[in-house]
Amino acid sequence: MDETNHFRRVVLLWLLATVIMTPIVIFVFGPGLPPGNGTVEASGQVTDNTVLLATATPVALGVLVYLGYVLWAFRERTPEVVLDGPPIRGNSSVQFWWLIVTTTLVLFLAGYGTIRMLADGSGGGQGPNPLAVPATPAGGKLVVQVVAQQWQFNYRFPGYGGVETNQVELPANTLVQFNVTSLDVIHSFWAYQLGVKADANPGVNNVAYVTTKGPLTFQVRCAELCGVWHGYMFGTGYVVSRARFAAWIAQQRVKFAPATKQLPPYSKTYFPQALRRAG
Amino acid sequence: MTGAGKRIVGITIATAIVCVVIGLYIGLYLVNVPGSVAATQTATGAQLYLATVPSAALNDSHPTWVSYYAVNASSQDWQHKTTYVLPANTLVHVTIFNYDSASGLRNPWFGQATGTVGGVITLNGKQAPAINNVDASHVFSIPQIGLSVPLLGVSATAKNPCSNAPCSLSNDHTVTSFTFRTPGKGLYRWQCFVPCAAGFIAGFGGPMQTVGYMDGFIKVV
Amino acid sequence: MSAIAVPATARPTGWRKLIGFNMLTGILLGIGGWFLGYWIGGRFTGVNIAYYSKTAGQNDISIMLGYLLGVVGFLVGLGFANYPLKRMLGHPPSLAEQESEGEGLYKYFTLSTDHKVVAKQYMVGIGLFFFVAGLNAMLIRTELLQPNVHVFGANQYLTLVGMHGSMMMGTMTSGLLGPFATFLVPLMIGSRRMAFSRVSAFTFWLLMAGEVILLTTIFFGGFQTGWTGYQPLGAQGTAGYDAYIGFFALVGLSMTLFGFNLVVTITTMRSPGMTWTRLPIFVWGALTTAWLMVLAAPMLIAALLMAASDRTVQTAFYIPGQGGSAYLFQNLFWVFGHPEVYILALPGMGIVLELIPVFSRKPLWGYRLAVAGMLGIAFLSFFVWQHHLFVSGINADLRPFYMLSTELISLPTGFIFLCAMGTLWRGRIRLTVPMLFCLGWIFNFLWGGISGVFNSDVPSDVTTHGSFFVMAHFHYTIMGGLIFAFFAAIYYWVPKMYGWKLNERLAKIHFWTLFIAFNSTFAPLFALGFMGMPRRVVTYNPAWQGLNIWVSVSAYFIGLSMLVFLFNVVWSLAIKREPAPANPWHAKSIEWELPTPLPVHDFDRIPVFDHDPYPYGEPAPTRAPVIAPAGGTA
Chain A
2 MDETNHFRRV VLLWLLATVI MTPIVIFVFG PGLPPGNGTV EASGQVTDNT VLLATATPVA
62 LGVLVYLGYV LWAFRERTPE VVLDGPPIRG NSSVQFWWLI VTTTLVLFLA GYGTIRMLAD
122 GSGGGQGPNP LAVPATPAGG KLVVQVVAQQ WQFNYRFPGY GGVETNQVEL PANTLVQFNV
182 TSLDVIHSFW AYQLGVKADA NPGVNNVAYV TTKGPLTFQV RCAELCGVWH GYMFGTGYVV
242 SRARFAAWIA QQRVKFAPAT KQLPPYSKTY FPQALRRAG
Chain B
2 MTGAGKRIVG ITIATAIVCV VIGLYIGLYL VNVPGSVAAT QTATGAQLYL ATVPSAALND
62 SHPTWVSYYA VNASSQDWQH KTTYVLPANT LVHVTIFNYD SASGLRNPWF GQATGTVGGV
122 ITLNGKQAPA INNVDASHVF SIPQIGLSVP LLGVSATAKN PCSNAPCSLS NDHTVTSFTF
182 RTPGKGLYRW QCFVPCAAGF IAGFGGPMQT VGYMDGFIKV V
Chain C
430 MSAIAVPATA RPTGWRKLIG FNMLTGILLG IGGWFLGYWI GGRFTGVNIA YYSKTAGQND
490 ISIMLGYLLG VVGFLVGLGF ANYPLKRMLG HPPSLAEQES EGEGLYKYFT LSTDHKVVAK
550 QYMVGIGLFF FVAGLNAMLI RTELLQPNVH VFGANQYLTL VGMHGSMMMG TMTSGLLGPF
610 ATFLVPLMIG SRRMAFSRVS AFTFWLLMAG EVILLTTIFF GGFQTGWTGY QPLGAQGTAG
670 YDAYIGFFAL VGLSMTLFGF NLVVTITTMR SPGMTWTRLP IFVWGALTTA WLMVLAAPML
730 IAALLMAASD RTVQTAFYIP GQGGSAYLFQ NLFWVFGHPE VYILALPGMG IVLELIPVFS
790 RKPLWGYRLA VAGMLGIAFL SFFVWQHHLF VSGINADLRP FYMLSTELIS LPTGFIFLCA
850 MGTLWRGRIR LTVPMLFCLG WIFNFLWGGI SGVFNSDVPS DVTTHGSFFV MAHFHYTIMG
910 GLIFAFFAAI YYWVPKMYGW KLNERLAKIH FWTLFIAFNS TFAPLFALGF MGMPRRVVTY
970 NPAWQGLNIW VSVSAYFIGL SMLVFLFNVV WSLAIKREPA PANPWHAKSI EWELPTPLPV
1030 HDFDRIPVFD HDPYPYGEPA PTRAPVIAPA GGTA
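Protein chains in written order, with our numbering: chain A, 2 to 280; chain B, 2 to 222; chain C, 430 to 1063.
Looking at chain A on its own, in the form it has when it is part of the complex (with noise of 0.2 Å):
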C-alpha cells in the first residue's frame, strides 16, 4: 500500500468519528454540563465548557483514530523476526501544518475564554478592583459580604444594617456582588448552582458578582482546605422572590438583633485582635 492510502483512510476515519461524536457532545452532554443554568454567569460557564468539550473532542478523537489505526496497520506481525521499519525522520509540511492548526485552535481557546470572562465575571473573584462588572438587571444590585472563619460562614448585608446571618438567601433578577473576605485561613465560597467561586483570604476583599434569575436552591460549600472540618463547611442558599427577600431579610434583623449591637462596624475586611489573655 502506498502512502496516501493509510493517510488518507485515518483522515477518513476521524472525519467520520468527529461528525458523529461532536454534535452527540454538543447537544446531549452540552445542557448536562456544570454548573447548571440557574444564573446568568452559570449559563456563561455551560456555554463556555460546552465550546471547549466540542473543541476538545475532535483533538481527542484524532489521537485516538490514529493510534487505533497504526497500532493495527504497522503492527509487527512476526515478532521473532527483528526487521527495522523506514527510516523516516521527519515530515516539515506536517510539522508546518500542526503548528499552524495547533496555534489557531489554542489562540481561539484563550481569546474566547477572555471574552467570556470579561463579559460578566464568570461568577470566579476578581479581587478588590474587579474588570469585569455585569450589568444591573431590573431588580438592582444587592451587596453581601461573605465571611469566611474556620469552620461557617456567615453573609453580612452591610445595606441591612450589618446584619449579620449563618443562612443565606438572595432575591431573584437581582445583581448580587459577594464581598468574599476571611477571618482566620484562607476558604473559598463555592457556590455551586450560582456558578460562583471566590477565595477568602484574610485581609484581602475578593469581589465575585452573580445575577440571580428565578428561585434557585443553591449549595455552598468551602473549596479550599482550611483545617479539620473543611469538609464539613457547607450549607444551603436559596434564590426567592423579591418579596420574599424583603420579609425574609427583615425577619433575620430581628432575630440577630442582639448580635449585631456587639458587631464590629462594617468593614470590607477584619483583623480579629489576637489573643488576649494568657494560658
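Straight-line Cα separation of at most 25 Å, BS3-like style, residue types lysine-lysine; simulated pairs:
(1) Lys930/C - Lys7/B
(2) Lys7/B - Lys1005/C
(3) Lys160/B - Lys483/C
(4) Lys1005/C - Lys536/C
(5) Lys536/C - Lys7/B
(6) Lys930/C - Lys1005/C
(7) Lys127/B - Lys256/A
(8) Lys446/C - Lys7/B
(9) Lys549/C - Lys536/C
(10) Lys127/B - Lys262/A
Worth flagging that the hints you see were computed from the coordinates, not collected in a lab.
Position chains B and C against the provided structure of chain A, taking the given hints into account.
Relative to the frame of chain A, chains B and C by itself:
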C-alpha cells in the same frame, strides 16, 4: 535449601514481621478516636452534661490543651469523650459547666445564642439571648443544624480556679443550659468558635483543630 | 584523570563489616543529632517563646533544630564530611576511593561515587516510598467509601491526605531522573561518571533523610494542610507541620543539587562526537528538567524557610493582621509548584520518546521539534503559575495573560505528541511491555492535557478549581503520565541495570490491570468534580456515594496490580535470577552495546560518536557500533 535460599527466606520473614508491626502501630494511630457518650433519657427528652476545662487531665496526651469533657451527673465521673449520641427528633437539654476564663470571640456574632428553643440560654439561672462577646470563653456549636451557644468565662479575679481536669464544683465555674431539637438520623460535627487554643497562632490551632478537645461529633440515632 | 577501578581492599567479615561510614552509623549519629538539637532548642527561653511552647505543649524550635542536627549527624555518619575534611587538611584530590567491585549488598548502604550504584540506591529508595505513599492512597479511598461513617479520625485523615500528596510529589520529582538519569546519562554521553559524583550520592541520602522526617509527622500530631502547605493554616498547626517543612526543604535542596549536577554533566562531559543534535532525547528531557530543578526548587526552600521562621521565632511573613500576607505563600509556593509539575512530566516525555523508536524500529520522528517542545515547555512553565490562583482574588488584570500563557503551553506539549505519533507511522510496532506502557502514557496524557485546557480557561475553572476535576486532571498527567513512563523505564532498563530478566507474563498482567484500574479510578473523578465535590474532604453529598465506591474499588485494583509488580520484582531479581542478554530489545543506543553487567568503569575506552542513537532502517555498513568489539582499537 541452599545457604542463599535460607538467607532470602529469613530476610523475607523478618521484613514481613517488621512491616506488620509498623502497620499495626500506624493503623492504631489512624483509628485512634475519642469514645462516645450517650445522653440520658428523661421524661421530656434527653439530658446531656458537658464541661469545658482550661487544661486536660495531667495524664492526657496533651495536658496543656483546653478541652471539652462529658460528665456523668450523678457520679461526677469525667470522661474525655467528644462524640455524643443523641436520639433523633427529640428535645435535648444540655448543661455545660465552664471552668475556663474568657478569651473573647474572634467573631462577636457568636455572642448570641442561635438554634436553641426560645432563642435563649439559661446562664447561672437567668435567661438571656446573648452574652458580651469579650467575656466568651467557649462556644458549643453544631453548624449543620444552626445551633450555637456561647459559654461565659470564669472571672479573671476568681479565687479558686480549676487548673487541670477533672475539676470539682467547688472550683469557680459558670453554668449554661439550653434546649434544642435534634434532626433526623445522621452524623453531625460540633466545634468551638472562641480562639481559645493558647500558644497557637490566632488561637485556632492545636486543641481547636483536634477532635477530642474542642471538636467532636454528634451521632443522632 | 581516569577512574579505572581500584582493587577492592580487604574488608572485615561478619558483624565487623558494619563498623565504618555507612547507613547504620548515619542512623545512630542522626538519632544523636536529633537529641542534641532538641536539647539546644530548649535552651532558648525568651519570654514569648517559652509561653507559646509551654501552653501549646510543643517547642517548634527544638523540633526544627533536632531535625537539622539529625540530618547533619546522618550525613556525617555516612561519610560525607570525610573528603572535605581531608582536603582541608591538605590531602590531594581523589575520585575513586569508594568505587569498588564485588562487595555485594554492602555498597548500597554507603556513600558510593559509582553512578550505577547510586542509581540502584535511588531505584529502591524511590520505590519504597512510592509504595508507602500508594498505601496512603488506598487508605484515603477506604475513608471515602462512606460519607457518614468515618474509618479514621478526622485529623488523621487529613494527615493521610497530606502525606500521600507530599510523599508522592517529593519522591517522584527524583523518581525518573534519580534511577535512570544517574545510570544512563553518563553512558549516553560517553562519560564514565557524573560531573560531581559525591553530590550525586549526597542528593540521594538527603532525599532519604527527608522521607524519614516526613514519616515522623505522626509523632507530632500530623499536619492539616495537604501537600500545598498553605499559610496561615500551616502556621496555626501542631508540630507535625515542622516535619512537612523539613521534608520539603531537604527535597528542595536535593533537587537543586541534582539538577545542577545534571546540567554540568550534560553540558561539559559529552565525549567527542556527541553534539547537541545527536544527544538522545532522554538526555534532552533530563537536561530541561534539570534546568527547571535548579531554577524553581530554591523558591520552595525560601518559602518554607519563612514558614519555619513564622512558627519558631514568631515572625509574621504569612500572618495577615500582623503585617504579613497569605498571598505571599501562595505565590512563592506556586512559582515553585508549577515548574515542579513539569519536572514531573518532562522526564516521562523523554523516556517515552526514547523508547517508541526502539519498538517501532524507526528513528525518532521530528527530533528537533521534540527538543523544541521540551525547551518550550521548560521556558513557558515559569510564566503560568497564577492559574492556580485564578479565583483567589489576584488582580483581575492578570488573568487574561495567565490564561493565554497556560493555553500556550499546550503547544509544545503537542509537539511531543506529534513526534511520538510520527514515530509510530509506518513502523514495525512491537507490543512489548515497555511499549505498552508508552502507549498507555500517550492515552493517559491525552486526557490529562485536555482537562488541563479546561482548567486553564477561567470561566470553566470557576467551577472546577479546588474540586475533584483538578484531582483527576493531575492524576492523569502525573500518574497516568509519569508513573506509566516510570514502569516503562523499569521494564526496559532493568535487564541492563541488574542483568536479570523480569517475567513477561506477570509484567503484562501488571500493565493491563493497572491501565484499566487507573482509568476506572480517575475518569469518574472528572464527573465528581463537575458535580461539585471539593478536594480533601472527609464527607460528601450522599448522592455521590455510588461513584465514590466505584472509584475506591478500582483503586484497590491499582494496589493489586502493584502487588503483582512487587512479586515480579522480588521473584525475578532475588530468587529466579534468569540472566538477561546484553541487548534484549535489539536497541541501537549506546547503553545496549555495552556488556551486561556493566564493568565498574563503564567504558574500556571513551567512545567517539558519529551518529545519533536512532539509526533504525539506515544502511548497516556506515553505522558501525560505537564501541569496538573487545580488544579492538576504536
